[in-house]
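S.K.: From first to last, the protein sequence lines are chains A and B.
For reference, each letter of the first sequence is one residue, going 1 to 500 in this note's numbering.
For reference, each letter of the second sequence is one residue, going 501 to 1000 in this note's numbering.
Read the hints as simulated data drawn from the structure, not as lab findings.
Hints should not be assumed to be uniformly reliable.
[Unchecked claim] Computed list of lysine-lysine pairs in DSSO-like fashion (alpha-carbon distance at most 30 Å, straight line): (1) A:Lys481 / A:Lys500; (2) A:Lys374 / B:Lys731; (3) B:Lys779 / B:Lys867; (4) A:Lys180 / B:Lys785; (5) B:Lys874 / A:Lys182; (6) B:Lys981 / B:Lys1000; (7) A:Lys285 / B:Lys779; (8) A:Lys231 / B:Lys731; (9) B:Lys1000 / B:Lys913; (10) B:Lys874 / A:Lys60; (11) B:Lys614 / B:Lys981; (12) B:Lys981 / A:Lys231; (13) A:Lys60 / B:Lys779; (14) B:Lys680 / A:Lys60; (15) A:Lys283 / B:Lys779; (16) B:Lys818 / B:Lys779; (17) B:Lys560 / A:Lys182; (18) A:Lys231 / B:Lys874; (19) B:Lys785 / A:Lys279; (20) A:Lys388 / B:Lys642; (21) A:Lys231 / B:Lys1000; (22) B:Lys981 / A:Lys283; (23) A:Lys285 / B:Lys888; (24) B:Lys642 / A:Lys180; (25) A:Lys60 / B:Lys682; (26) B:Lys560 / B:Lys731; (27) A:Lys285 / B:Lys731; (28) B:Lys785 / B:Lys682.
Number of protein chains: 2
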Amino acid sequence: MASSLISRQVALCLQKNVWLSSAGCRYVSKAAAKTQVDYDYDGPLMKTTVPGPRSQELTKQLGDIQNVGAVNFFCNYEDSRGNYLVDVDGNRMLDIYTQISSIPIGYNHPALLKMMTNPNNLSTFVNRPALGILPPENFPDKITESLLSVAPSGMTRVQTMACGSCSNENAFKSIFIWYKNKERGHNVPSEEDISSCMINQAPGCPDLSILSFMGGFHGRTMGCLATTHSKVIHKLDVPSFDWPVAPFPRLKYPLEEFARENAQEEARCLEEVEDLIVKWRQKGKPVAGIVIEPIQAEGGDNHASPDFFRNLRNIARKHGCAFHVDEVQTGGGGTGKFWAHEHWGMDDPADVVSFSKKLLTGGYYQKDALQADKPYRIFNTWMGDPSKNLFLVEVLNVIRRENLLEEVTRSGKALLNGLYELQAQYPGLLSRARGQGTFCAIDVRDAATRDRMLVQARDKGVLLGGCGDLSIRFRPALIFKEYHVHIFLNIFNDVLAQNK
Amino acid sequence: MASSLISRQVALCLQKNVWLSSAGCRYVSKAAAKTQVDYDYDGPLMKTTVPGPRSQELTKQLGDIQNVGAVNFFCNYEDSRGNYLVDVDGNRMLDIYTQISSIPIGYNHPALLKMMTNPNNLSTFVNRPALGILPPENFPDKITESLLSVAPSGMTRVQTMACGSCSNENAFKSIFIWYKNKERGHNVPSEEDISSCMINQAPGCPDLSILSFMGGFHGRTMGCLATTHSKVIHKLDVPSFDWPVAPFPRLKYPLEEFARENAQEEARCLEEVEDLIVKWRQKGKPVAGIVIEPIQAEGGDNHASPDFFRNLRNIARKHGCAFHVDEVQTGGGGTGKFWAHEHWGMDDPADVVSFSKKLLTGGYYQKDALQADKPYRIFNTWMGDPSKNLFLVEVLNVIRRENLLEEVTRSGKALLNGLYELQAQYPGLLSRARGQGTFCAIDVRDAATRDRMLVQARDKGVLLGGCGDLSIRFRPALIFKEYHVHIFLNIFNDVLAQNK
């Protein structure tokens, strides 16, 4: 059983009724003065290689129940704090992967612990409602305080969902419904629509398509998976739709140095997008929507310029396709803006913006026109989880109070500059350092070396993730400060020295 | 702001450190002696028609954010208790729909409140892990204590997911992967598999199918939706797969009285299943799996005999198709057994059993052979939510401690007998009373009358749901006792008198 550091802290707070005061549940660790993040540790601390003996034992145990091929190690979440993830063997690692980019303000943030111990919130956890039919009294307020307070430009409507895949699936459905009603000129289905849809046939289940990009990742349920093209392992053996796949620009980095070549590459891709839209319309499978990530994440941290996205948005408009920006991984502040698409500087950036991960709840924003015309068309039992909205309210408060987006921009600069320096120092090993905010990546000369370096970094106390074929991706929490960057760079430098 | 009855109760408990004792967080209400469910109310209490003025105001507010066409009313979950849902206008209703069958042991069960206030559990809520790569230390134990302790016969493997749709989507993927590896004779994809799957084409994305049944409901994401055939509104305008749809038996009730005719009807459907399997194989879209609900729920509470399911399971085996039993709505005890398929009396009832709703977490059990052969084939960021497993452990403890499955059987008999009596009393109005445990339904002469009766019952303090075209479905919590049945029957009798 993991030790109960947090339990003790919280019990202490509760005994003092601190939960009712505004001061919160903080305690002063030895690290406080040094680190400024007062619930953080002061550095990595490794006791074994990872996975250690206890992790191996638990992996074996879980292996009787599930496929454990992807398990890295087992965690002690009670003892994890801030930027540091502690494992069951007592190893403490600086976490720059944050549960696949889904921990917004670090582990056991005092604001979240405090929220949990407020008895007014208990019933939200214990009684999960069917939100679409029987919402709790505070639901409109909590949605307004949380998701609507960070709504993308031009959007006042949001639908919560349980996870990223469900968000994209339902966003696609909204797009199809909108497109068909537009095509009909009204929203009354024909008799043929009605009878054919019940047996999966056109015209009721129409041959519409979503255009996506090679290298993109939009989830793994079967609708989403038809727009995911990052890795074979995700798609192999699963039936799919004949939907168009456009090339995503393959840019050269640093972007400033290759502006002209990159612009040509982007123009080539945009041209291909238009060709595909025309071709699929001719095939009888019109493109109802275009889905794209502002930065292709899982597919290898591929960037494109604001111009590319502005032009793509115009192409969507020109051809009557909905423009769906998938911010599941990029949303929530990691790029230095709350939404990565804010870097494009547009008043009307999208028709649909989907999210999950750092937002703690899945869901999507949409333009008014995209909202389904009738109830139960976009529906399921839970439609999200109000307890996640409670956490999100607190997360957004912390982001504002602590100016975390500015902090991310500052840490991100330090991180990218550090990567540039290391890349210059190890030109045969590293290349293509790139990023926005702390949402950074760098390529390693080959996949085997990349994978080995990830393990070596972990054994030295830094947790990183891979993406694409050759990349290391950086996905720290928003509380990752400049001094964390330096802790990382020192350790990474040692790893590089082992592999030069 | 809703009143904070629970908050005060819990605060009281906490002050007394009751959370650390085994006695729990209970309080004695006036209703205790009368009702035996000591945290329950003693009956409905209506102050306004529903939705009342406060609900209407909130619906208007939420209407600026979402489509609110399906919202019934807004709830005060803090004040809801046991079998009673309280709304924001102070109306207290006997809840026989339980958030679309997803509240297992009533509102604010003391065991769940107590679990929430145990500080050892806080970090599970605050730090949602990426379960597939970094599970918490207690994950294997909690899965063993919860889901594995109620595993269907012959199954020792379970994968958690966030919701019912995700569960079925991933179960389908497991089936496709298993089928293709079986077809190959090994699990090494060809070069053509690899290149074609990245652009959604065969053979990498093969033309495999899942056979489902007319009237079935398996979710609303695009893979699931291709197997859902309950209502037009769910399917219209969404692209789908050309997968076979078999007829589900249309039986006559009570089943005992029409045994011979029903057996003929079931034989007809089974024959059609085999024909479809052959036909789709010839079409080049082999049936990799058959998915079915033990009782078609959303589609109208359609039953079939144990013999039907045993024969169907054999047909699946004979043709090399996986047999997937979807227990999302039927699972968790409502039929008087934990899984509805237990009524079939089989040692090897299925290859896959999916669940969600009353289980509080989504997921699916599978036979060893069905587990994906490699990591990351069945994967997503969260892979469920360990905080839901904590609740499930408590729910299962309560079910065992209070013998709730026996109680369900007893209440179910009282409910079905009551429905038989009312049906005899109102032959022009009611028909086809049917059920297993408290998982009951009855048909009303036409949809308009059915819908009106649901509203009338609600205004008298009983919350019910519709299903299919003409049915009322009963989905109480497992703590719905015989005296609750009588409260319901009295009120329902009044409603019937208004509509005869």
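S.K.: Does each hint hold? Answer for all of them.
M.R.: Now for the hints, and whether the structure bears them out:
1. Under the criterion of a C-alpha separation no larger than 30 Å, the hint pairing A:Lys481 with A:Lys500 is consistent with the structure, at around 28 Å.
2. Simply put, A:Lys374 and B:Lys731 have alpha-carbon atoms about 14 Å apart, close enough for the 30 Å limit, and the pair holds.
3. A threshold of 30 Å between alpha carbons decides the hint, and for B:Lys779 with B:Lys867 the separation of about 27 Å falls inside it, so the pair holds.
4. The straight-line distance between the Cα atoms of A:Lys180 and B:Lys785 is roughly 28 Å, inside the 30 Å bound, and the hint therefore holds.
5. The suggested pairing of B:Lys874 with A:Lys182 is violated, with an alpha-carbon distance near 43 Å, which exceeds 30 Å.
6. Taking the CA atoms of B:Lys981 and B:Lys1000, the gap is about 28 Å. The hint holds against a cut of 30 Å.
7. Distance hint between A:Lys285 and B:Lys779 is fulfilled; the C-alpha atoms sit about 26 Å from each other, no more than 30 Å.
8. Distance restraint check for A:Lys231 and B:Lys731: the Cα-Cα separation of roughly 36 Å exceeds the 30 Å cut-off, and the hinted pair is therefore not satisfied.
9. For the hint pairing B:Lys1000 with B:Lys913, the CA-to-CA distance comes to about 25 Å; that is within 30 Å, so the pair holds.
10. A distance of roughly 16 Å separates the Cα atoms of B:Lys874 and A:Lys60; the hinted pair therefore holds under the 30 Å criterion.
11. About 23 Å separates the Cα atoms of B:Lys614 and B:Lys981, which keeps this hinted pair within 30 Å; it holds.
12. At most 30 Å may separate the alpha-carbon atoms for a hinted pair to count; B:Lys981 and A:Lys231 exceed this at roughly 53 Å.
13. The hinted pair formed by A:Lys60 and B:Lys779 fails the criterion: a straight-line CA distance of about 44 Å is larger than 30 Å.
14. Straight-line distance between C-alpha atoms of B:Lys680 and A:Lys60 comes to about 27 Å, which keeps the hinted pair within the 30 Å bound.
15. Under the criterion of a C-alpha separation no larger than 30 Å, the hint pairing A:Lys283 with B:Lys779 is consistent with the structure, at around 27 Å.
16. Among the hinted pairs, B:Lys818 with B:Lys779 is consistent with the structure: their alpha-carbon atoms are about 15 Å apart, no more than 30 Å.
17. Annotation: proposed proximity of B:Lys560 to A:Lys182 holds, straight-line Cα distance about 26 Å (limit 30 Å).
18. Pair hint A:Lys231 plus B:Lys874 holds up; C-alpha atoms about 14 Å apart against a cutoff of 30 Å.
19. Restraint check: the Cα-Cα separation between B:Lys785 and A:Lys279 comes to about 26 Å, which is no more than 30 Å; the hinted pair holds.
20. Restraint check: the Cα-Cα separation between A:Lys388 and B:Lys642 comes to about 22 Å, which is no more than 30 Å; the hinted pair holds.
21. For the given pair, A:Lys231 sits about 62 Å from B:Lys1000 by alpha-carbon distance, which is inconsistent with the 30 Å threshold.
22. At roughly 59 Å between alpha-carbon atoms, B:Lys981 and A:Lys283 are farther apart than 30 Å, so this suggested pair is violated.
23. Proposed proximity of A:Lys285 and B:Lys888 is contradicted: the alpha carbons are some 41 Å apart, above 30 Å.
24. Taking the CA atoms of B:Lys642 and A:Lys180, the gap is near 46 Å; set against the 30 Å cutoff, the hint is violated.
25. Restraint check for A:Lys60 and B:Lys682: satisfied, since their Cα atoms lie roughly 26 Å apart, inside the 30 Å limit.
26. At most 30 Å may separate the alpha-carbon atoms for a hinted pair to count; B:Lys560 and B:Lys731 meet this at roughly 27 Å.
27. Taking the CA atoms of A:Lys285 and B:Lys731, the gap is near 24 Å; set against the 30 Å cutoff, the hint holds.
28. Proximity of B:Lys785 to B:Lys682 is assessed by CA-CA distance (about 16 Å); at most 30 Å being required, the pair is judged to hold.
Hint violations for this structure: numbers 5, 8, 12, 13, 21, 22, 23, 24, all remaining hints satisfied.
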